[in-house]
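Student: When you line the sequence shown up against this note's numbering, it's residues 199 to 325, in that order.
In case anyone wonders, no lab produced these hints; they're calculated from the structure.
Glycine is no exception: its CB is placed at the ideal position from the N, C-alpha and C atoms.
Be a bit skeptical, because a hint or two may be false.
The calculated label-pair distances, taken between Cβ atoms and stated as ranges, are [said to hold, decoys possible]:
(1) Gly231 to Arg284: 31 to 37 Å
(2) Leu226 to Pro319: 29 to 35 Å
(3) Ser316 to Ile202: 37 to 43 Å
(4) Arg290 to Gly231: 29 to 35 Å
(5) Lys267 to Leu210: 18 to 24 Å
(6) Gln303 to Glu236: 25 to 31 Å
With a Cα cut of at most 30 Å, we get these calculated DSSO-like pairs of lysine-lysine [to be verified]:
(7) Lys259 to Lys249
(8) Lys267 to Lys249
(9) Lys260 to Lys249
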Amino acid sequence: MALIVVPGSRHLVLERCHDEIGDWRIILHSPYGRRVHEPWAGALVVIAGGKLLLYLAQGGKKMLVWQEKDELLPPEVFHALATALRREPRLRFTLTEVNDQPVRQTPMFTLLREAGFSSSPQGLDWG
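Given these sequences and hints, build the entire structure.
Tutor: See the structure below:
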């Protein structure tokens with residue numbers, strides 16, 4: 199497959215492919231190197247229609263959501279996240295930020311609650 203965009207300081211390329219056992223894997227192509235990328239390892243992403251929609255950082259404290267301006271992602275995106283999280287029954291964390299804003303001040307707060315997160319004084323708890 200030919201790339202339309204080459205990874206650089208303004209563009210990252212996200213490639214999805216099947217691994218040896220048939221599970222989906224994500225490969226991030228960028229010029230930033232290990233020092234920048236290592237903290238991203240272990241992140242959870244939701245991809246639909248070939249587009250990255252949601253990125254939950256390792257440790258679960260921060261989430262990035264890609265959406266059109268003034269448009270919420272559909273609830274199915276957050277339910278897909280919850281389904282993936284349920285595969286790790288011992289996983290526990292508190293989500294505190296979405297797109298660098300306190301989670302309680304974002305429109306995603308209700309959608310995340312409906313997907314299975316529970317409210318806490320610090321943000322939203324999972325597990």
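Student: Taking the hints in turn, state whether each one holds.
Tutor: Outcome of the hint check:
The hinted range of 31 to 37 Å is satisfied by Gly231 and Arg284, whose Cβ atoms lie roughly 34 Å apart. Taking the beta carbon of each, Leu226 and Pro319 are about 34 Å apart, inside 29 to 35 Å as hinted. Hint check: Ser316 to Ile202, Cβ distance near 42 Å, so the stated range 37 to 43 Å holds. Taking 29 to 35 Å as the suggested C-beta distance range, the pair Arg290 and Gly231 conforms, at roughly 31 Å.
At about 21 Å, the beta-carbon gap between Lys267 and Leu210 stays in the expected band of 18 to 24 Å. For Gln303 and Glu236, the Cβ-Cβ distance of about 30 Å falls inside the hinted range of 25 to 31 Å, so the restraint holds. Proximity of Lys259 to Lys249 is assessed by CA-CA distance (about 22 Å); at most 30 Å being required, the pair is judged to hold. At most 30 Å may separate the alpha-carbon atoms for a hinted pair to count; Lys267 and Lys249 meet this at roughly 16 Å.
Proposed proximity of Lys260 and Lys249 is supported: the alpha carbons are some 20 Å apart, at most 30 Å.
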